[in-house]
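Chemist: Each chain, letter by letter, is given below.
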Amino acid sequence: DAKTTQPNSMESNEEEPVHLPCNHSTISGTDYIHWYRQLPSQGPEYVIHGLTSNVNNRMASLAIAEDRKSSTLILHRATLRDAAVYYCIPPGGSQGNLIFGKGTKLSVKP
Amino acid sequence: EAGVAQSPRYKIIEKRQSVAFWCNPISGHATLYWYQQILGQGPKLLIQFQNNGVVDDSQLPKDRFSAERLKGVDSTLKIQPAKLEDSAVYLCASSSREGWNYGYTFGSGTRLTVV
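Protein chains in written order, with the numbering used here: chain S, 1 to 110; chain Y, 1001 to 1115.
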């Protein structure tokens, strides 16, 4: 299984953009990068996923490096409700499971 | 659509007692997962079902944990007997197809405290 590296924590100010990095240097060419987040006292929720090109949805953008060894989740305007733990998910196990690391705890200051 | 339902929301038991958790996945989702999340850590997969069959239970402590998914819909996870280290949030998730490229939907979890 591929391994990922994320900072333990990050801080942001409300209404400013946030860039959450993830290194996944051992990823293979056909593996998607998934991001989930977990709000306090809730289960994880899907944020975004991508393979090679940058991806956008209503929640966030995902910028994937050309060599695919890293990616960055971009929240364009952080709100207090974006305070959560963000997980960059490596390719799943033999059965295609989500394998969670410790993630990055994002704090948003008003 | 309705989300993944889990109950109870909280449970406190004494060590060596037994406990059961229930999960109702999103309608039509064939794949169901149980995860254990210890405080300060990411969720850890315990077991994966495809319909009513077990696909992966390699991380399930089978001496005390058991799970079933009758009729390929609802699932129960049981711990008997519980240990202090089983204190955690137990999360259920479902997806429409097997494989992690298909989005998972998680329930809010059951917080278990073993005293």
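Each hint should be verified, as a subset may be incorrect.
[Claimed, not checked] Using 30 Å as the maximum straight-line C-alpha spacing, the simulated BS3-like pairs for lysine-lysine come out as follows:
hint, chain 1, residue 1, chain 2, residue 2
1, S, K105, S, K69
2, Y, K1015, S, K102
3, Y, K1011, S, K69
4, Y, K1071, S, K105
5, S, K102, Y, K1071
6, Y, K1011, S, K109
These are computed hints drawn from the structure, not numbers from a lab.
Chemist: Hint by hint, note whether the structure agrees.
Modeler: Okay, the hints, checked on the actual structure:
1. S:K105 x S:K69: holds (22 Å)
2. Y:K1015 x S:K102: Holds - the C-alpha atoms of K102 (chain S) and K1015 (chain Y) are around 27 Å apart, at most 30 Å.
3. Y:K1011 x S:K69: Violated: K1011 (chain Y) and K69 (chain S) sit about 42 Å apart, past 30 Å.
4. Y:K1071 x S:K105: The given pair, whose Cα atoms are some 39 Å apart, is violated under the 30 Å limit.
5. S:K102 x Y:K1071: Violated, at roughly 34 Å.
6. Y:K1011 x S:K109: Judged against 30 Å, a Cα distance of about 33 Å means the pair is violated.
In the structure shown, a violation is registered for the earlier hints numbered 3, 4, 5 and 6, in ascending order.
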